[in-house]
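Participant: Make a model of the complete structure from these sequences and hints.
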Amino acid sequence: MFAVQLINGLMEGMMLFLIASGLTLVFGVSRIINFAHGSLYMLGAFLAYQIVPIFADGSLVGFAIAVIAAALIVGLIGIIFEVLVLRRIYHTDELMQLIITIALVFIIRDVVRMIWGANSVTVQMPDAFIGALIVGDNYFPIFPFMIFGAGLLVVMIMIGVIQFTRAGILLRAATDDRGMIALLGINEKLVFTSVFGVGSFLAAFAGGLQSPFGDVNYLMDETVIVGAFIVCVIGGLGNLYGALAAAMLVGVMNALGVLYFPRLAMVMTFLIMAAVLIFRSLGRQGGGAR
Amino acid sequence: MNSMKSDMKKKSEIDFRIVALGAAVALLVIFAGGAGMSLLATEILIMALFASSLNLLMSYGHMVSFGHAAYFGLGAYGFTLAIVRADIPVGLAVFAGPIVAMIGGLIFGALCVRLTEIYFAMLTLACGQITFTVLFQWYDFTGGDTGITDFMTPRFGLSEQYFAVFTLTIVILCLMFMWRVIHSPLGLAIRSVGQDRYRAEASGLNPRQLQLIAFTISAFLAGIAGTLFAVFHGNAFPDYAGLGFTLDSLIMVVLGGMKSFAGGIYGAIAYTLLKTYVPLVIQEWELVVGLILLFIVLATPFGLAGGIKRLQTMLGMGGKP
Amino acid sequence: MNQPILSAKAVRKTFGKFVALDNVTFDLQPKQRRALIGPNGAGKSTFIGCVAGQIPGAEGQILFKGEDVTKLQPSALAKRGISRTFQISRTFLHMTVFENMMSAFIMARGSWPSLSTRVFSDLEDEVHAMLGNVGMDTRANETVENISLGDRKRLEFGMALAADPDLLLLDEPTAGMSIKERHHLMDMVVELVESTGKTLLFVEHDIDVVFRVAEVVTVMVRGSVFVEGTPKEIAANEEVQKVYLGEGDH
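Protein chains in written order, with the working numbering: chain A, 1 to 290; chain B, 1 to 321; chain C, 1 to 250.
Note that these hints are calculated values from the structure, not bench results. Hints are not guaranteed to be accurate.
For each label pair, taking beta carbons as the anchor points, the in silico distance ranges come out as [what the hints assert, rightly or not]: (1) B:Phe-16 - C:Ser-195: 41 to 47 Å; (2) B:Phe-95 - C:Glu-67: 43 to 49 Å; (3) B:Arg-310 - A:Leu-259: 47 to 53 Å; (4) B:Leu-298 - A:Ile-54: 50 to 56 Å; (5) A:Leu-190 - C:Ser-195: 57 to 63 Å; (6) B:Lys-11 - C:Glu-67: 36 to 42 Å; (7) A:His-91 - B:Val-90: 47 to 53 Å; (8) A:Asn-187 - C:Gln-3: 56 to 62 Å; (9) A:Arg-31 - C:Glu-67: 39 to 45 Å.
On a predicted model such as this, the values are computed, not experimentally measured, just so you know. Just so it is clear, CB atoms sit at the ideal spot from N, CA and C, and this is done for glycine as well.
Facilitator: The following block contains the structure:
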């Protein structure tokens, strides 16, 4: 039983990472806490629901195309939002940026309800994903493995991009030091816009990928965003590798928690989040006033 | 010299004409509008107190809480649990709510003020979610997601109108208290820390201590609002401490206007009215609220209160903020 | 000589690998007016921050009136009699000039834990007097946001004086001012410091101002004390001139 839950935990962790990666990426570069990240995830799930039937229900390729198409659409929506709205408020109060993204949460939620209604929908699972592996007495559904594989692929692509491409170098420079972009003679606006686009893409990709696994409804944004915050904070805001480790930790802890201390599982993650924040504050007392 | 002396003093005094005007409008709505309007007015009043308590933190202490509903929820549960689990009579239990909220604020606040800016907000979020989760999952004690119901007659059994008047009285007293705090030496110190903690620190103040005091007062006021809400509906649910109520309070403050005392009040009125009446016209009231928020942030960062102030100056009224 | 009011012994401060202060040893006599000069990045502001507590984690020892204050918080240092202004002036932007000064007084006196406006009326005359001292009384009702940077510097100086400190640290008090404003401000500083018998340590880039105001000048270079002397000695010191010409002054 332990092994089963451990594996389930890693699967969930990968999912959490996919969700959180976009959030932490955007924060790292633009210092924007995007409350609407969960809403973009939800949008990805609904778009996948819409697109999957177009490309042959049940086929693996059709599913993959649908998920990527959904993510691309949402990425585009993210870019449009960044250009039309966010760009105007980078210089203002952090709070105003948060409020803007909260406004987006409200807008997306109602638009989703307008288009797809208030009831849950289900996305058909590709045939290749149905079924289970049976190892001894243990029964492992295949689908989570597929998600894990897809997640791993995304992680590898990300690491590849970050470590070995020009865009990755820029990204690291921008995360470490905002002034750096200007020094390198790069258009800062372009960097912010593309990062927000990529962040939105990742959110929707996670949403689409996960969509056959459970109900898709207009209320899922809140749970998703809270989970993503937890992972980002534990991993260190803006730290992608930290988010990966944190996602695995939270995923495994949730899964094992359900087994051993079901009542405490939910509160544990928040306690860890709080503990991480407080622990960080011990490291840097005072601050650098000039 | 004398003119300035009176100026500082005038600023800190409560203008009873405005209090009377506000009360008169509320009473008119309550008694001319009947039972239905009284319920709406009660809700607005409670939300006005809740939002104002957050406004104290945000506009004056410059602390953005993402878990403010925790203290609203603790107020509601402090009150109901005192009745249900400790058999304390209702008349005494009403004091338990705000006290529990205040203690919660003191404990969580002591942790949160160690951090600043976005990390502060994230820790308040964690504290808020811890509160919510405990209320949600501790079935034996809090009743879990089914909440606590049927433990008292809602509104102490008062008629809608009399309870609205009761709420009005409490809310006015609380807001007057808040006004006094903000314009007292303590309030000046809180505002100073909010505007430049390094200057305040260099002048001999411990910023965290001041922030904790502000946090605790704010939690206490939110707790009163939560208690009133529990009395109003005769129940308590974990949602009262959830992210939904937290976002509601944030939106009300931004809608009503940051940096102004009345921001929370205007915001509560506008938000509750939107929530009540927009659905009668179109179903998508959240969409409307979202668009209004977008507009406010992009066009008038100081919300309704900012707009009203601008209108007053335009009409040459001057007036109080 | 008396016991120094401020004494730094082998103070060292690093930020990661960067050594901002290295073996700074420094004695300041009571009632002295001392200037701290040096090229950018010499560690002048960092030193002020270490003394006043805004920059924690300095190694070595900082003694104030004979007491080891190296690890104290800024608020504790303020209570012991160290007051400062900042390089980029720090004031409460959304309050009036009067409220700023009132706030400085109630913070310095520790009379803030009160809900009574009596505290305000009791302090009112002192607040006006201090505003008068720094020439800001006529602007008492203006919001700080709307006053000039020079006026903010004067206000902040008054706020630092409100604590009636023994040691006053001014970090570039005249930065961003016109020459006329500079001399005007520093004349006022000298007068107020003289008349109340305070010790003054200030960071300044304007050499004219330094030579007019300081009794002793300390030159810092790359995190260490380079040389110390009277303005005349410093002006005649070829090494100092080389440092300034070599590394450029701002």
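Participant: Each hint should be assessed against the structure and marked as holding or not.
Facilitator: Tested hints:
1. Roughly 46 Å separates the CB atoms of Phe-16 (chain B) and Ser-195 (chain C), a value that falls within the hinted 41 to 47 Å.
2. Take Phe-95 (chain B) and Glu-67 (chain C): their Cβ atoms lie about 47 Å apart, and the range 43 to 49 Å holds.
3. For Arg-310 (chain B) and Leu-259 (chain A), the hinted distance range of 47 to 53 Å is not satisfied, since their beta carbons lie about 59 Å from each other.
4. One distance hint, 50 to 56 Å for the beta-carbon pair Leu-298 (chain B) and Ile-54 (chain A), is violated here, with the actual separation near 37 Å.
5. Checking the proposed 57 to 63 Å range against Leu-190 (chain A) and Ser-195 (chain C) shows it holds: the Cβ atoms sit about 59 Å from each other.
6. Checked against the given bound of 36 to 42 Å, the beta carbons of Lys-11 (chain B) and Glu-67 (chain C), roughly 40 Å apart, stay inside it.
7. For His-91 (chain A) paired with Val-90 (chain B), a C-beta distance near 52 Å keeps the hint of 47 to 53 Å intact.
8. At about 60 Å, the CB distance of Asn-187 (chain A) to Gln-3 (chain C) agrees with the hint of 56 to 62 Å.
9. Remark: the range hint 39 to 45 Å for Arg-31 (chain A) to Glu-67 (chain C) is upheld by a beta-carbon distance near 41 Å.
The structure is inconsistent with the numbered hints 3, 4, although it conforms to all the rest.
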